[in-house]
Each structure stands twice: as structure tokens, then as C-alpha cells.
Amino acid sequence: MASVELNDIRKSYGTLEVIHGVSLSIDDGEFIALVGPSGCGKSTLLRMIAGLEEITNGEVMIAGRIVNPLTPRERNIAMVFQSYALYPHMSVAGNMGFNLKLSGVPKPEIEKRVSEAARMLALTDLLDRKPSQLSGGQRQRVAMGRAIVRDPAVFLFDEPLSNLDAKLRVQMRTEIKSLHQKVGTTSIYVTHDQIEAMTLADRIVVLHQGNIEQVGTPLELYRQPANLFVAGFIGSPAMNILDGVVDAENGEPAVRLGDGSAVRIAPQRNVRRGQSVKIGLRPEHFVSVGSGSIISGRTLLVEPTGAQTHVLFEFAGSQITAIVDGDHPARYGAYFESVADGEKVYVFDGASGVAL
Amino acid sequence: MTDTSISGTSVRMNAGTRIYLYVSLSLVAALVLVPLLATALGGFKSLGELRVNPFGLPAQWHWSNYLDILFGDRYWRQMINSLFIAIMTVFLTVVASAMAAFTLAHVKFFGAGQLLNYFLIGLMFPAATAILPLFIRIRDLGLLDTYWGVILPQVAFGLGMSILLFRNYFRNLPDELFQAAFVDGCGYIRFFWHISLPLSRPIIATVGIISFVNSWNSYILPLIMLNTETKYPWPLGIMVYRGEFGTQWQLVLAFITLTILPTVIVFFLAQKHIIAGLTAGAVKG
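Just so you know, the sequences run in chain order U and H.
Counted the way full-length UniProt numbering counts, the first sequence spans residues 1 to 356.
Counted the way full-length UniProt numbering counts, the second sequence spans residues 1 to 285.
So that you can see chain U by itself, here it is in the shape it has in the complex (with noise of 0.2 Å):
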């Protein structure tokens, strides 16, 4: 187990840069989940901590030591695969052992070793197996388990679940977090699935376009976005996004929008009157009934999940989406009204984006 200190990271390929200088600093037996769009750079930054990826500038601390010039192996780092990434010729006993096989532990040492973490993660009947032989969530499951044994200081996971199907990466997802809990390694977990990193991280890593956006708890980043980008991006449904101008509205301060209906804003928004701003409306914050802007529009589009209805509806001339209760009575071209509390509404910036 180690901290990990990222110092001003960057990558180029050439004379383009892809990551602009990453500066973070993960605790020892923290969880971080590295999220983003594809493309943002977080697999990149992954595989420039685990030494796969060479670093074009900055210095990667591991456990107060720079590892800039050490391989993977040296690191003491382990990593799991998207595509799990196991030797198709051996058993799933040979998987797990390869790795202290090739630092020369002996033969009894190892089989210790793997029958331990067979038996945390279940395996143990399935140690003679070849990796063929398994199933999805099986393969993941090896793949842990070569990652466990070594005992390294760091776990790596690059998008572990995203090839299971979804019912087996929800299963999985709550053994990665009791398996944490179990161990205590610290981990860097990238994926670009918000509630997968909401879910399973102490704190979440937001990358766009190479550069950090905010870093802060699961909660910190869904109730107060640093920007635009990361409202949008935490949370699902997405965040309504709409634009308009800040004025006054019965001396309370609210945004008119391009239709001219206003929407109330919480007053202790550090905003001016004539600013051109974006709101932000989380779906799951409009209720029927309560204080706040009326918000209505006919019913575009009705999706029942069962506890819960989305609603897409049209209000200023956007599309706005609505998370109600499922017994409400929506349906296609209906007339659907509700209530957004100025509180809950977001402002952000028209020309940065960042939030205000």
C-alpha cells in the first residue's frame, strides 16, 4: 500500500500534448476513479502511473518515490484489463502465480499465495480451468485475482466492467468495493461511467481534454459542479442546460429565458443583472408540487422504468428532460407542468462555463 503523488503530468505524441499538466494526490487505501468522455486522456494517465506509457514531463510519486524511470514491475503495481487480458494457455491457478513464478517465490509460497486469493474471490474450484472455460464475470474475477496476489502497492483497473453485460457489471461493481474494503489497496479506477464511479470511488477524478475539471467526493461533484462540463457529465439522467440572462423577477433574482419566462435562482448567486448565464436543471429536482418557477410544457416522450418516469417535454423552446414518480400520469403530447426550486437551480457562466 503507497500514496500516489502526480507532479504537473503531461504527454505529448509529437507536437500535440493530449495531457496538460495533472497534478493530483491520492491517499494511501484511497479509491479514485479517473472519469471522462473517450478521449479525455484518463486511460493514457493511467497507463503513464502504471509505466506503460512513457512520461513526456512531470514526475509520478510512489509512495514518496519518483518511479518515472522504473517498469510496471519495479512500480509494484498491478494492473486489471478492459479485455481482462489473461494467458489463454494457462490455468487459471498459472494466471495468478505467473507473476511470482517469474520473481523466482517458491513453488509452496505461491500456491499459498493464490489459493488464498482464490478463496477471496471465489475461484477455488475453478483453479484448474483454463481461461476459455470461464465466463465473463469469472475471467474479470482472475484478472483481480493476478492483480491481488502480488500484494502490489497500487491496483490499476483500466474500465474493468465495460465488457460485461449490465445486470453482471453491477455484481461485479459491489465486489470490486467490498474486495477494497477487504484489502485496503489503494486504486486508481478509469472508466467513463459516471455511476460506476460515483458508486465505487472515496473521491472522483473529472478529465476533459487532458486537463483536470474538479476532483472532489461522489456528493461534492453531484451537488456542487466546479463547470458546466462536470455538471453535465455527473449524474443521470443528464443536467438540462439552458440559456438566458440574469434580471429580476418581483425583486427576487432569477434568469429570463429566450422565450421570456423566467426561472427563479437561489439569491446567493454571484451573479449581476444583464449577465448572460446558463441554468442547470437536474431532472431529479423538479417535484409537482412546491415553491419555486413554474416549469411547463407539452409531453414529448414518456420512458417508465418502473419506480420512476422519465419525461422529455418541451419548455423554452428546448427539450427538457424530467425524472417523476411512476405513478404519474404522463403521456405522449399531454400538457406536463412542475416546479424547480430556486435552490436546486444551477448558474453557470455564458462565456467560461464555470460555476457561479
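What the hints contain is simulated information worked out from the structure, not anything from laboratory work.
Here a beta-carbon is modelled for each residue, glycine too, at the ideal position from N, C-alpha and C.
Any given hint could be a false lead.
Partial selection, computed: residues in chain U whose CB lies under 10 Å from chain H [claimed, not checked]: (1) 78; (2) 81; (3) 84; (4) 88; (5) 103; (6) 156.
Knowing the structure of chain U, use the given hints to seat chain H on it.
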């Protein structure tokens, strides 16, 4: 999922197509099999019968044609010569081309592309065109009339094709496998031994068979390089044998049958691997 995994057999055909297929395939098979069978059966006949009944079953089975050859030492000596040359050729071709291909597939270095092209240019030259310089070089090396004088040029001419096959196969091994091994502590050499080679059985079989068959059937190189009859592989041996027994066709046919036999047996044993190797990477598996 069964309906999406169509292997050729589950395709539906109507009766006409089916008959057409059977007839045309039988014709092609006959083109190959009739001469082979005529040769094998001819070896059991007497010379007179061979003249009047070249294709049918022998009226009387003359086992002595075959037995004489099998109990003489000429046949075995040629087999052993051929086998030694072929096995050494296969061994050296596989070892050299696998290592070269691995380097070209995984290690990025200056001139890698040019080096590969240089090897591939070798594909364009049949051994026959290079015979004179080759002879002079082998003579200068003092390898004339030795097995090595045949083996080394055969390996050299086989490298281009073998490197190409190996390289494509190695490149199709998933990148993440290499990275996982790297994280586990493998360098290039350990990765080659512990991961690449065990996974490459089909392509090793393919390259092995191709170079074995090429070496087994090679005629012109041994003809030029070897002078002593005791070192002759079977294609040269047959030539000598035919010179001696030119009028006794039944003996020549029996001799030919016996010399073909090993290749046929090897081919049937390795058939599965060859097809797996040639189509490897052609479709996403």
C-alpha cells in the same frame, strides 16, 4: 447464438446446387487421386500387366516390388538424408523466423520497416535464379557436398514467407496481453518464451509444414550442391533409380509411392493445424 455462427455446413442448398457441388468436387478430387492410386497400384503389377491395364486393380499382387525396395538400403538412406535435411531446415527456419518476426512485430526501432521489406523481397526470388552466386558462395564456405550446403540456402529462401506468417500472427496477439505480461514482470524475451510461443502452435505448425514440404520436394538445390550419391535425398535418388531401372516401370512406381508416403502421412497428421494457421487472423475469432 447458433444461427449466427454459420460454419459452411449449415448453409442451406437446393438439390441442384448440391449435385453440381458433388460432381465438380469429385472431378477435382479424381484429378488428384487417380494418378496417385494408379501409381500406388502400378507398383503391385508386373511390367506386362502395367502395359495392358494401367489403371485397374492388379490381377496378381506383386508384393516383391515394394518389399525389395523396403529391404534394400538405398530407399532408407535417401529417406534419412531427406529427413535430416528437412528437419534441420524446419528447425532453423522456425527458430530464426519466429525470433525475427517477434522483433519486427513488437520492437520499434529505426529501420524496422526497411528490414522487413528486405526480407520480403526474398519472396520474389526463386532459388533457381540465384543458383550461380549461391553455388559460388557455398563453395567459398567449403560447404559443397555437405548437408549444410543444402540446408542453409533452403532456410534463407524460406525466411521471407515464414517471417511474414509469424509476424502477422504475433501482431494479432492482443496488445493488452503484452502489457499484462509486462506488468507481471516479463521483458521481451520472457514474453516470447512464456506467452508468444505457447500461443503460436498453429502458426509454428504451418511454417513447419510449409518448410518441411518445400525441403522434402526440393530438387534443384541438392542437385547442384551434392555430388556423392550416399548423400542424395529422395528426389535425386529417384532420378538415379530411374536411370538404373528406366524400363521397369513397376519398380519406379513402387519407389515413387514409398517416397510420397511420409509426406502424405505428415500432412494428414498436421492438417488441422495447417488450416487453423493459414486462416489465423483472417477473421475475428
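Hint-by-hint comparison with the structure:
A distance limit of 10 Å between C-beta atoms decides the matter here; for residue 78 of chain U the minimum to chain H is near 7 Å, and the interface restraint holds. The closest approach between the C-beta of residue 81 of chain U and any C-beta of chain H is roughly 5 Å, which is under the 10 Å cut-off, so the hint is satisfied. This hint holds: residue 84 of chain U has a C-beta 8 Å from the nearest C-beta of chain H, less than the 10 Å allowed. Taking 10 Å as the C-beta cut-off, the interface hint given for residue 88 of chain U holds, the closest approach to chain H being about 6 Å.
Here the hint on residue 103 of chain U is kept, as its CB sits about 6 Å from the closest CB of chain H, short of 10 Å. With its C-beta approaching chain H no nearer than about 8 Å, residue 156 of chain U sits inside the 10 Å limit, and its interface hint holds.
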